[in-house]
Amino acid sequence: MSRTIDYGNLMHRAMRALIQDVLTDVEANGLPGDHHFFITFDTQHPDVDIAPWLSDRYPGEMTVVMQHWYDGLRVTDEGFAITLNFGDNPEPLYIPYDSIKTFVDPSVEFGLRFETQDDETDEDDLMEESEDDIVIAEVEEEPRKDAEVVSLDSFRK
Numbered sequence: 010m011s012r013t014i015d016y017g018n019l020m021h022r023a024m025r026a027l028i029q030d031v032l033t034d035v036e037a038n039g040l041p042g043d044h045h046f047f048i049t050f051d052t053q054h055p056d057v058d059i060a061p062w063l064s065d066r067y068p069g070e071m072t073v074v075m076q077h078w079y080d081g082l083r084v085t086d087e088g089f090a091i092t093l094n095f096g097d098n099p100e101p102l103y104i105p106y107d108s109i110k111t112f113v114d115p116s117v118e119f120g121l122r123f124e125t126q127d128d129e130t131d132e133d134d135l136m137e138e139s140e141d142d143i144v145i146a147e148v149e150e151e152p153r154k155d156a157e158v159v160s161l162d163s164f165r166k
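Number 42 in this note's numbering belongs to position 33 of the sequence shown; there are no gaps in the numbering.
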């Protein structure tokens, strides 16, 4: 029986460790400059802990913004706890890293998207490496064109 390297799972762990490192720094030092995060997570994940009214309102996934006001950020090896403001109502949340679907910092155009085969994806935009993929960036390459020779005579007076 031959064994294989599960690159998809290894990438998931590495990218979740990156999120943990970023949040640990924010926990210790606050958000630097214009940095802020949009974090989308699976509200049905068994370890997610959110208020029942949030679960009812967002039965599949939810995106939270960590920017101007947040409180009580506590980062662990499995996830993070944070209190965010929903319509002037502070609500504590616990979000495990395994529940995160996207993590985006638009201030520096950085984003991670965690893919599973259950997700609907456009195969032209995504690289498929294994059952679980992480898309760090989507790049569409344009086909190379032949070089054009331009005469400068038409620009001279």
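If you're looking for bench data, these hints aren't it; they were derived computationally from the structure. Ideal Cβ positions, reconstructed from N, Cα and C, are used throughout, including at glycine. Incorrect hints may have been included.
Once the Cα atoms are required to be at most 20 Å apart in a straight line, the calculated DMTMM-like pairs of lysine to aspartate or glutamate come out as [what the hints assert, rightly or not]:
id : residue 1 : residue 2
1  : 110       : 51
2  : 110       : 65
3  : 110       : 58
Here are the computed distance ranges between Cβ atoms for each label pair [what the hints assert, rightly or not]:
id : residue 1 : residue 2 : range
4  : 66        : 34        : 28 to 38 Å
5  : 12        : 62        : 44 to 54 Å
6  : 45        : 101       : 11 to 21 Å
7  : 119       : 64        : 36 to 46 Å
8  : 68        : 11        : 25 to 35 Å
9  : 37        : 61        : 29 to 39 Å
10 : 16        : 94        : 18 to 28 Å
11 : 120       : 54        : 37 to 47 Å
12 : 97        : 18        : 19 to 29 Å
Going through the hints against the structure:
no.	hint	in the structure
1	110 / 51	holds, 7 Å
2	110 / 65	holds, 19 Å
3	110 / 58	holds, 16 Å
4	66 / 34: 28 to 38 Å	holds, 31 Å
5	12 / 62: 44 to 54 Å	holds, 47 Å
6	45 / 101: 11 to 21 Å	holds, 20 Å
7	119 / 64: 36 to 46 Å	violated, 29 Å
8	68 / 11: 25 to 35 Å	violated, 42 Å
9	37 / 61: 29 to 39 Å	holds, 32 Å
10	16 / 94: 18 to 28 Å	violated, 39 Å
11	120 / 54: 37 to 47 Å	violated, 20 Å
12	97 / 18: 19 to 29 Å	violated, 41 Å
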